[in-house]
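Residue numbers (the UniProt record's numbering), protein chains in the order written: chain A, 1 to 99; chain B, 1 to 88; chain C, 1 to 313; chain D, 1 to 97.
Rather than coming from a laboratory, the hints here were simulated on the basis of the structure.
Here's a subset of chain A near chain C, in silico, CB distances under 8 Å, partners left out:
{"#": "1", "residue": "5"}
{"#": "2", "residue": "7"}
{"#": "3", "residue": "12"}
{"#": "4", "residue": "15"}
{"#": "5", "residue": "35"}
{"#": "6", "residue": "36"}
{"#": "7", "residue": "53"}
{"#": "8", "residue": "57"}
{"#": "9", "residue": "58"}
{"#": "10", "residue": "60"}
{"#": "11", "residue": "69"}
{"#": "12", "residue": "75"}
{"#": "13", "residue": "83"}
{"#": "14", "residue": "90"}
Note that the Cβ used here is the ideal one computed from N, Cα and C, for glycine as well.
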Amino acid sequence: MSATLYGLLGAALVGIGLFGLLARPSPLLRILAFNLLGGGVFLVFGAVARRGAGAGFPGDPVPQAIILTGIVVAFAATTLAVMLLLRLSAEGEGRSDPP
Amino acid sequence: MAELLQLAALLVLLTVAAGLLRILRGPGAADRVMAAQLLGTGGIAVLVLLAAATATPALLDAALTLALLAAFAAVALVVAAPGRASRR
Amino acid sequence: MTGLLADLAIGAAILALAAGMVAARSAFTATAFFIAYGLLLGLAWVRLGAVDIALTEAAIGAGLSGVLLLTAAARLAARPVATERAPGPLLTALIALCCAAVAVAIGAAILSLPEPTPSLAAEVAANLPATALGNPVAGVLMSYRALDTLLESAVVVLAVVGVWSLTPPGGWGGFPGPFHLRVESGPLALLARLLPPIGIVIALHILWVGKDAPGGKFQAAAILAAMWLLAWMAGLATPPRIASRRLRFAVSAGAGLFLAIGVAGALAEGAFLAYPAGWTKALVLAVEFALTASIAVALALLVMGPPEEEDRA
Amino acid sequence: MSLLLDGFTLVAVFAGILFFVAGTAGLLRFPDTSSRLHALTKADHLGLGLIVLGLLPQAGGVLPALKLLVIWALALLAGATVGPLIARLAREEDAPP
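All chains should be built: construct the whole structure from the sequences, respecting the hints.
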């Protein structure tokens, strides 16, 4: 039962994240919304893993391992996005054009 | 005993959820930082209670990580709070 | 009964924070919501029986992402980026409708999942003794899906390269990260002196225990990165210049060793990333320690960001 | 003997919860920031402290008990560090320089 609940929570997070990504102009808010979207997808994955519990494990370890990898990769992507944004804001100061 | 500890974890969780109102509504940045700090401590309490209730010592490692990083996040919250020009 | 109530409370709190984040006016508010969301997501993962992921979410979601986004929010407040106009009410409503449709579709898929859920848990349990690891998730990460872990450590190295490539023209080869961020304030300096030693011991504990219980290299690496960042934020530790060979070797050593072991496995055992019979535990440990160190350095450098202009110090 | 320990655990844990509830109520009800900070630190330190204290007999082993104490020590350290920073932030918001 709780797995389905978290699956639905994941689906709702995907919806909210997508809305934030599309309807909010502020770029940092979009990066946050993108992380919400990712969190929702991982929750859906986690709910499937929880339903696949067996052989003495509280959850199917294969999707859990993939989610773990996904969280680290999503963080790497978020840092790149944030650094691009900061460079954009630094460039926006009307600095001298690069050589 | 285990059910009572799980009930205790639930009570702490509900308290922390109520504390979220301060984050959502808090007028100033300081209020939000405080609520985030309380949420961190509440989360640690829930994890510790669940560790005892379900006898999974792994949750203690999760609580340890949370305790370590809740402080780190709270400091970052304060350092980066708006209107801090004077502190920098 | 208490379990269901806990799930409902966690779910409602996460939804409230997510909605609050999207509707937030200031970036700082949204980021404060994001940190609270990360903490609650960790509890959700514990309820879903995935303590490994709860650890990772707490370390990376609440810790590193929070600091990264907060420093970004603070610096963007000083120099906002020109953003285009927000969509009009009609368009916003249309977007909301489509997003709701996506969410409902995924929800419907969740509700109609096949009843005997296809699961690989049995296969993992059957083959776990061969990997000499007790933690199934670590077993999957290090032997069955070792390729994923190798590619992931390569992604982290590439992210560092990507972030460094954003160095402004005058700043190449300089110290990573902005200059003015470091704050010599009393309480922060106290924490920066007391926490790192404890953090390092905890990180090593989590790495070591990760073989047979939830834990492992990514969680340990995130904690180590957080400790280095804390010392850096308090002005106690200055990272080496990005041009230094040592720093670049540290970032790429983990992935390099893992790749070397993979190739050696291909030559010796005929299959890429196959561990020779008696060597599994030793090789896995070597890779785990090397990856932890490399990923910790890489994650910290990612949060610090590229070097700044020298003259703008 | 174990009944006594269980009793102690329950009393301490629920006392800790009481502080959490009081602290959160303070956080929500108090008018200005500094009084909220006062409420927060109570809930923060005493709430978690009593819960940890109550759980020590249930820890089942020295290492878990040690972990519990380290968790509490870290929470205290965090509170001690963040408290003055929050106070400075609050004062700054009320009276910007």
